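Number of protein chains: 2
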Amino acid sequence: MNAEIIAVGSELLLGQITNTNAQFMSEHLSELGINVYFHTVVGDNPVRLEEAISIAQQRADLIIFSGGLGPTKDDLTKETIARVLDRSLVTDGVAMASIEAFFASRNRVMTENNRKQALVLENSHVFANHNGMAPGMAVETDTHTYMLFPGPPNELQPMFQFEAKPYLAAKLSDDESIILSHVMHFFGIGESDLEHRIEHILATQTNPTVAPLASAGEVKLRITAKAHTVAEATALNMAMEQQLQQIVGEYQYGINDDTLISKTVELLQRHELTLSVAESLTAGLMQAELADIQGISAVLAGGVVVYNEDVKVEQLGIARETIDTYSVVSGEVAAAMATNVREKFGTCVGVGLTGAAGPEPHGDQPPGTVYIGIDVNGHVETYKLNLHGLRNTVRIRAVKYACHYLMQQLVKNGYNK
Amino acid sequence: MNAEIIAVGSELLLGQITNTNAQFMSEHLSELGINVYFHTVVGDNPVRLEEAISIAQQRADLIIFSGGLGPTKDDLTKETIARVLDRSLVTDGVAMASIEAFFASRNRVMTENNRKQALVLENSHVFANHNGMAPGMAVETDTHTYMLFPGPPNELQPMFQFEAKPYLAAKLSDDESIILSHVMHFFGIGESDLEHRIEHILATQTNPTVAPLASAGEVKLRITAKAHTVAEATALNMAMEQQLQQIVGEYQYGINDDTLISKTVELLQRHELTLSVAESLTAGLMQAELADIQGISAVLAGGVVVYNEDVKVEQLGIARETIDTYSVVSGEVAAAMATNVREKFGTCVGVGLTGAAGPEPHGDQPPGTVYIGIDVNGHVETYKLNLHGLRNTVRIRAVKYACHYLMQQLVKNGYNK
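Just so you know, the sequences run in chain order X and R.
Be aware that the first sequence starts at 5, since it is given in our numbering, and climbs by one per residue.
Be aware that the second sequence starts at 5, since it is given in our numbering, and climbs by one per residue.
Next up, chain X with everything else stripped away, as it sits in the complex (with noise of 0.2 Å):
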């Protein structure tokens, strides 16, 4: 099956947003073995749209189109294919009955225009929106299938993966030959470095094929077997996992979805560990990824952010002469950080986060310099960072950091992976 992904919307065409959601269509689309071969990007323009379109069918048999389902004027992707599948509109009662639902949770009084979002394509699969209004929804007809989704990537994301992909995948027929892609996560070893240790791999491998690709800070390795069955592609993408972790395996943390975060909270929780954070340049970035993770309540009892001197001292008890004699940008004050929010929250693990996010240098220390303490049932290790990029880069990178570190802690206290 070929596919091309339409996205409708001039603020793409304008430059004002990037089209992520091509990027991450096709990531699943691929993983199907489905063959994304354009992505077309046209301006909320019905004329254009309706070029875009015949010119799609020519070269396509799955459209999928992205934005112009909402309630202004210039939402008309879904009014433009009525009209060139020569299809009426039909209202969802599902989608009108969540739209309605939607207002009267929020007080407020809907406006007509809002009726617009719950029309549908007649005779389409309907996905339901389970994070704004307007439904996505699949059209078949003889000789193409016709995907929408709405265009914020909060909305389509879940929809399509959790909908339209299991939809897909249900349409594809057994003589397909599957693509199946999987990946490795690797931190604390640099994209040079990593493809230059497995060079002869990338420069000899076909299938599966093996591609690395680096982001903030980390390195993955996606591997994408080519086969007539899963268990077969499955199987060479296995083969070929295991022959790149003889080499680079001591840097891999984790694989597909998985984070440094949701691994960090895996080991806590797998050894019922409690934790707790004190953050200065991270001011609480730590936590809030953490508390991202369903079901964190059983091992995060919280924190504090101790932004400047005195609330160090004042609320998390480090005491004066440690800032004044090693800085507040020291490792002492990153171990004391670590020690005292564990003891003041009774956790068994207390992490610390002091440093420099820039772009002003702290005293001496330059923009980058980033300390962190982990206290493992009163074990403290400290370490130091000298982190490159933007004020926000350094700081994402440094809650990375405190998550690698404090999983090679909790191992090496016997609380193993």
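Quick caveat, the hints were computed from the structure, so don't treat them as lab data.
Only a predicted model underlies this, so the values are computations on that prediction, with no experimental measurement involved.
One should not assume that every hint holds.
[Claimed, not checked] For lysine-lysine, the following BS3-like pairs were computed, each having C-alpha atoms within a straight-line distance of at most 27 Å:
id	chain 1	residue 1	chain 2	residue 2
1	X	Lys267	X	Lys421
2	X	Lys77	R	Lys224
3	R	Lys77	X	Lys224
4	R	Lys416	R	Lys224
5	R	Lys230	X	Lys77
6	R	Lys77	X	Lys230
For chain X, the structure is supplied; the task is to place chain R on it using the hints.
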């Protein structure tokens, strides 16, 4: 002048990377008043690339390519365009010299395939690559302008901005009008409601145009004027902004690059107010976002993350009776959190956030129920929200509402904007 951007690269169609180049170039092209009508992404496939080129030739007079200029066999953008335009490829001496210098500087032997990178279309205007090896180029025919750029954003972006953009600006004749955009940010009003109120303007406006854009609980209005001078365009935008303010001004919080967080910090800074935050469901997210703003340390003292019930009692002194009587997800607890954190940290302002992020309800409180407490010098207000969406969406929106209500309370307490 109408443009189409064609990105060449199978990694885009596999969803391994996002097409940020199209966004970057589109933004700069719109500043030049060049209309971008289509983005296309095509794989490393000469047949499909030729197909995409012939389609673009019919609908654009400026065709911009990104990617496929590298040394590998997959890189075939130049070769394909040479064939389509029936032009030969010639070695560019300057490019060749810089490629040789690149290898020399790294004491590495230059492999043959790298010579390929110095090839350019005959009679083309060459753009030097200061961040890589493959040069960019512009080719003029009687009917079209073709521009080629390397795929890596760190190579394409400076090349496009500092070499290609001036090249294009020079091409634009004086009678070409300039386009200037101005963005108004709104919060606390839905997209459809806002659009409904300014319907008559949206229906009749042609210059400047007014386009609504919704994202993550906010609504923007992009006002875009066409004129012969910047002054003229600015005046048109300003007049429209005032007209819109008379109708929906009460919901506007900022313009252009403003965010709810940045405006909140601005207001606190102007009145030299200090802030502390007690977070439950958001678990540090509000403080983390505040801390992303430079110079925040004068405003944000810090705060606590009180993720479980005991911690709320022990660390923040919330009365157990209050929790037992009203539940931990209640206005009473949110208010107590705001007041207690303010007193504990000795700040002027305290904010408390508690709620059920979901997916499970909290007792009889459905997921998405959020209470926000705001304490300004002892004057406390609480707010209840019913938010929809995934766990993380709820938390992100809760922080936006906290900023929104905090600014309201500051103004109400005499700290004017």
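Quick rundown of the hints versus the structure:
| no. | hint | verdict |
| --- | --- | --- |
| 1 | X:Lys267 to X:Lys421 | holds (9 Å) |
| 2 | X:Lys77 to R:Lys224 | holds (15 Å) |
| 3 | R:Lys77 to X:Lys224 | holds (24 Å) |
| 4 | R:Lys416 to R:Lys224 | holds (25 Å) |
| 5 | R:Lys230 to X:Lys77 | holds (21 Å) |
| 6 | R:Lys77 to X:Lys230 | holds (21 Å) |
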